[in-house]
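Fit chain F to the supplied structure of chain P, relying on the hints for placement.
Listed here are the chains, written in short residue letters.
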Amino acid sequence: MIHSLFLVNASGDIFLEKHWKSVVSRSVCDYFFEALERATEPENVPPVIPTPHHYLINVLRHRIYFVAVIQSEVPPLFVIEFLHRVVDTFQDYFGVCTEAAIKDNVVVVYELLEEMLDNGFPLATESNILKELIKPPTILRTVVNTITGSTNVGEQLPTGQLSVVPWRRTGVKYTNNEAYFDVIEEIDAIIDKSGSTITAEIQGVIDACVKLTGMPDLTLSFMNPRLLDDVSFHPCVRFKRWEAERILSFIPPDGNFRLLSYHVSSQNLVAIPVYVKHNISFREGSSQGRFELTLGPKQTMGKAVESVLVSSQLPRGVLNANLNPSQGTYTFDPVTKLLSWDVGKINPQKLPSLKGSMSLQAGASKPDENPTINIQFKIQQLAISGLKVNRLDMYGEKYKPFKGIKYMTKAGKFQVRT
Amino acid sequence: MSASSAFSDEKGGSASEPEYGHDPASGGIFSSDYKRHDDLKEMLDSNKDSLKLEAMKRIVAMIARGKNASDLFPAVVKNVACKNIEVKKLVYVYLVRYAEEQQDLALLSISTFQRGLKDPNQLIRASALRVLSSIRVTIIVPIMMLAIKEAASDMSPYVRKTAAHAIPKLHSLDPEQKDQLIEVIEKLLADKTTLVAGSVVMAFEEVCPDRIDLIHKNYRKLCNLLIDVEEWGQVVIINMLTRYARTQFLNPNINESLLEENSEKAFYASDDEEEEDKKAEPATLAKRKPYVMDPDHRLLLRNTKPLLQSRNAAVVMAVAQLYFHLAPKAEVGIIAKALVRLMRSHSEVQYVVLQNVATMSIKRRGMFEPYLKSFYIRSTDPTQIKVLKLEVLTNLANETNISTILREFQTYIKSMDKDFVAASIQAIGRCATNIGEVRDTCLNGLVQLLSNRDELVVAESVVVIKKLLQMQPEQHSDIIKHMAKLIDNIQVPMARASILWLIGEYCEHVPKIAPDVLRKMAKSFTNEEDIVKLQIINLAAKLYLTNSKQSKLLTQYVLNLAKYDQNYDIRDRARFIRQLIVPTDKSGALSKYAKKLFLALKPAPVLESPFKDRDHFQLGSLSHLLNAKAAGYQELPNWPESAPDPSVRNVEVITLLERVTTLTSIPDWSKCSSRKDRKEKKVEKPFYSDSEGESGPTESADSESDSGSGSASASGSDESGSGSESEESGEETESDEEEEDEEEEKKKRKKLDKTKAKKQAEESAESEQSSSAEDRKRGRKAVKNQKSASESESESESSESEEESEEESEEESESDTNVRKKRTPVLKQPPKQSKKESKKETQEMSLLDLDDYEPAPASASVTPVNFLSSSLVSDLEGLSLTDTILAPTTLAPSGSIKMYELLHRIKGEGLAVEYCFSRQPFSPEPNMVAVQIQFTNNTNSETKNLHIEDPRLQSGMRIREFAEIDVLAAGESVTVVMGIDFCDSTQAANFQLCTHTRKFFVSIQPPVGELMTPAFLTENDFKKEQENLLNGKLMGMNEILEKLTLGEKCVNEHVIVERVTATANLSRVPCGSDKECRFAGKTVSSGCLVLVTVTTKEGGGAQLTVNCEKMLIGTMLVKDILQALSQ
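Chains as they are written, first to last, in full-length UniProt numbering: chain P, 1 to 418; chain F, 1 to 1127.
Because the hints were derived from the structure by calculation, they are not lab data. Being a predicted model, the structure only gives us computed values, none of them experimental. Glycine included, C-beta positions come from ideal geometry on N, C-alpha and C.
Listed below are several chain F residues computed to face chain P (Cβ distance under 10 Å; list not exhaustive):
no., residue
1, Trp232
2, Val316
3, Ser374
4, Ile385
5, Ala630
Below 20 Å or equal to it, Euclidean Cα-Cα: the simulated PhoX-like pairs (lysine-lysine) are:
no., chain 1, residue 1, chain 2, residue 2
6, F, Lys512, F, Lys549
7, P, Lys298, P, Lys413
8, P, Lys131, F, Lys88
9, P, Lys18, F, Lys57
10, P, Lys413, F, Lys373
11, P, Lys18, F, Lys88
12, P, Lys193, F, Lys373
13, F, Lys57, F, Lys78
14, F, Lys67, P, Lys103
15, P, Lys378, P, Lys388
16, P, Lys135, F, Lys57
Chain P on its own, in the form it takes in the complex (with noise of 0.2 Å):
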């Protein structure tokens, strides 16, 4: 299956390889530093590239390309799921997934890809089994392995790969055990000119972090369980019985696992918690633009919007904008012509709003495209969907948890279009 792994840093240098069959030469990367060459845009390197040889699948992560290479017939999203969960287990290793980390950890980084793929096929992958085996550097565990010269693998055997939960580890011990649930919903969302909203869809996810001692047998209903449209469980989650009574039934993971990820599609019922008052105009013959911008809250259930991020590309044409917000910092680039501004918290009393000019290029027409506006925003302690959770049981283990959920909405794919 997967031959080889090379890791190309943005400046397109390999700073990583492995090899898990025969030793394949560095210089089938040459395709890929082609193709890379190619896209206009980083993320436009097509993920499949075929060579004479071999078959390049990649995936880019923080500004990280991480080239497969394949030989022969492999689903493709094999590989890129895969790939992804690599990144996701260096994320989880070293906090972040850069070069720096990788390069500090290079042996760490080595034996966790010896255990993850055997022969090119995925062996162990689930995090709590490969932490058995490789334990993850902590400053602390750095000191004592100087000190006393023990080492970051494991002494024990991963009993956990043989087990019937290879998700969880065995023997797990905390003095406080504890259960917290993040529930976190996106809004993705097109909205036209006129603010009248084209697309729009909730994408939430579950994310938990259990540190509970043993073997606790957890079951998580909903209040409203019929909003969930399409889920997608983490493998503890009982499928039958969630089928039957709509209740999430799970022996957890231990510590930060995402147990769910649903859908909530019907789209009239989609609540947009922000509207955008705009005027970007360009006057033919002139070499000014005119740029207002101004936002509101909406159906925000009187929460407050916090950390509003406005960004926008605008025309190649614009040579700069001088532009004035009401409130929060803005910047432009006038070589990306990426305009973005910090808006932070909306006060409803005093909306904010950024007015401005633009100068164009002189003598240039005017441009015929209208910038789309991104927008970021995070509204907590609401889940916009609506959905709650009704109560969380544990059976199995004798002690009392401590039970914690929180909710927040945050933007997506959330556009306005000028």
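Chain F only, in chain P's frame:
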């Protein structure tokens, strides 16, 4: 970013590239490679693990950066046996990387791994095999082959999984091993654990994907296991099963596809599908027989459906393609939602999913229509995603939604991304050709684009308009005129060529403009691109034919220019056209037809999706994505005309396997229970318990009774009618029979002396009898699940311990035996029947003789006489006379004999077969285990020619078959003895049981305790042997110590002895201390000593010691005895 230049820097500078500052291997001290390596060698040679580790870390860092570290090979390989785990792991990494280059030196490490392969710990065995098989050195192929074969029959599923992983490695190293590897694959495919399934199917796909016949027997099992296999395995299995199903089942849409051929193709709306179905029903029903889906086909669809909810995109995609290729049309719709969900994922995932959705949406438009808006394009999408979304939107367009789609397209045209705009224009063109109503609207819109400032946009519009105009040129002469004007401004060659072609083709509609255009073109001819030049020649030729007055000279001029063009294509064309159109003396017959040739009516182009015919590739595959066959791609076969025989998938032996495995292992309840609950509603329960797992000794302590019962109830729900039910009904019938029996009994007593004797024996041995009777009852009742097995076990044990049993139980036991007697004609089979009885009596004796330190069980066969009534003695004597072949030379003390089911009477069509391990030496071959088999014919007709055929055994195993049974009359039963040499492993012996009409696949799997035979040692001998083992005089001998808490009923020595001997065929060794019980035995095949010591302590604690040269036997035995004692 200039990638290529940076890369060449990298390449050029890699040798001299300065070390990274943070890298431990770096630092100014080691400036040259030579010195640095010297230093590393020194560190590797040192005694300190920390130095070695440091050195290995540096070396691995070098490998990671792609630097050559091969000259360190000898120094590194020395450390392969290092104690430190991390050093060892890093050495493995190094070894696997460089072994290919340094084959000879790599051989030095092999012995380490070979040793590892024999390690008692499964994880070490597995990792040894993993590394060994990763070393690509051809010379060790035979060693690898051997290791794989051995590991494939390892009792740890994890090791077997590793074996499955090793198969493709060996295959790529030496393809000649294929045949042998296929055998291993076949064997591993039969594995029942989820751990192995994914890996072995992967091996199958890589080594022998065409051997679809290997799947038959495992098909249902794979379907049922699927949900519990790890996600990567799921992908591989689903893809393989898609192919399999295509060869084995009928096309579920066969009726619809027939109808489609007749009816028009232009179905746009999804609603039509239903209508279509309705129409189809009466029409097709009349014509063909109705389609009935194979239950196995349904099973596959049903079991894969939940996986659409997987978090793994690859799994979802695999299920989606399975449904697309296999499901009836009406059911395919469910995958759309899941695929749309994947569109939220990373852009690479989106890219692949969209490619597949594009293909699907051509065939099944209705499926994605409700999700139209999910394919709307955002300005932040990467271009390749935008283009694909556009493709999907175009495919989805129909009369009802075209207006929304066009409105959406309008905004796309204003995008800043010009490639995307071009794609949008083409998309509009396609919508216009496909949907007649909007053609004019689209055309008008496109014409407006002609005044766009961006040339690319204009050019693309021209090309598209050209195609559209071809459909109805008459109405659009003004558009053509408009475009003729554009020729002055547009520079894009393709667009210029398109305009020229249009003018030439429709020069009649624009008679005034055309010659003028030609004039302009003739002027600029030499500066045009080739493609434009060709069109100028075409235009000239067409004008010459229609309007030769105005254009004759121009044409000549153009042709002359073309004659001297650099491009030979253009020169050829000019020469050809001149001959064709300019009439000369020599011009051939063709010139008459010149007009017809040039001005023929050309069919309008059909604008098709580039994804049109991609669905002959299996969706989700690499080949589909590239639209080219990738190496190793397996074609998706067409549906067969008629379904192949579905019975090839029938599996007969399944129940037997379940029973046996539950007896040979301690399931790890604490872990399984949750998973089991989850499967409550599913069939085929026993697969989920990792039953054969060689779970560590600590885990066995976890197996509490309450959790056990919980999971047992889970498993109880399977196999139609839970165990308890069938038990009850069994008892009812028996109690009915009881009354009748009592009368019959009297008659029988008078008739048969032997029966009488037995009767007395039974009375003296009431308790024991009742338990064994129950055992038999259990066997008859075909209780399959664990719960009942363990329950009845405990029942029997409790009755054993209560020595003074009551009248009732006595009666019951009597009647029970009588029932059995009735079924088993005593006259016909007296010797074997009574042999069994005698054994029971000896059990009873052993219980008694423990009381008075009767030491050597060797004398057991003699001593019992003292305790027995004279009639029983005569009975025994009679036995030994009649049963000469199987004369019991030694009768080991043993617990109740468990009957196992070999063939249930329903499966066997009336023939019920049970077996037990008689614990007799098998006289023809002393190193075989004697298996006593009882056939009962429950049918109304005779069964003839019962014999064994086609034994399939592990290497080294042998079977000595019983003599063929010629006739088994209706309602009768017969008992025979066969010998099996299990080679001291608990692997099952598989064979076919044949009657004159049928063959049944059966298998016998021994509990570890039956693989041994008692050995008679004195206390001193025992100590000496044990000493030997501990001092290591016998190489490799081992000792396993285990602490345990005795079960509530293990109150005294008797019970302990009873339980140990029931578990394993061991003899008791006399011992001075009453705190200790010692047992000894030898394995049947190889005669290895097995020594067991149970030391009891205050307060119910005890220590179990097992000494045995065969580690696996030892560990399994420990487990079994632990279980027996802690109950």
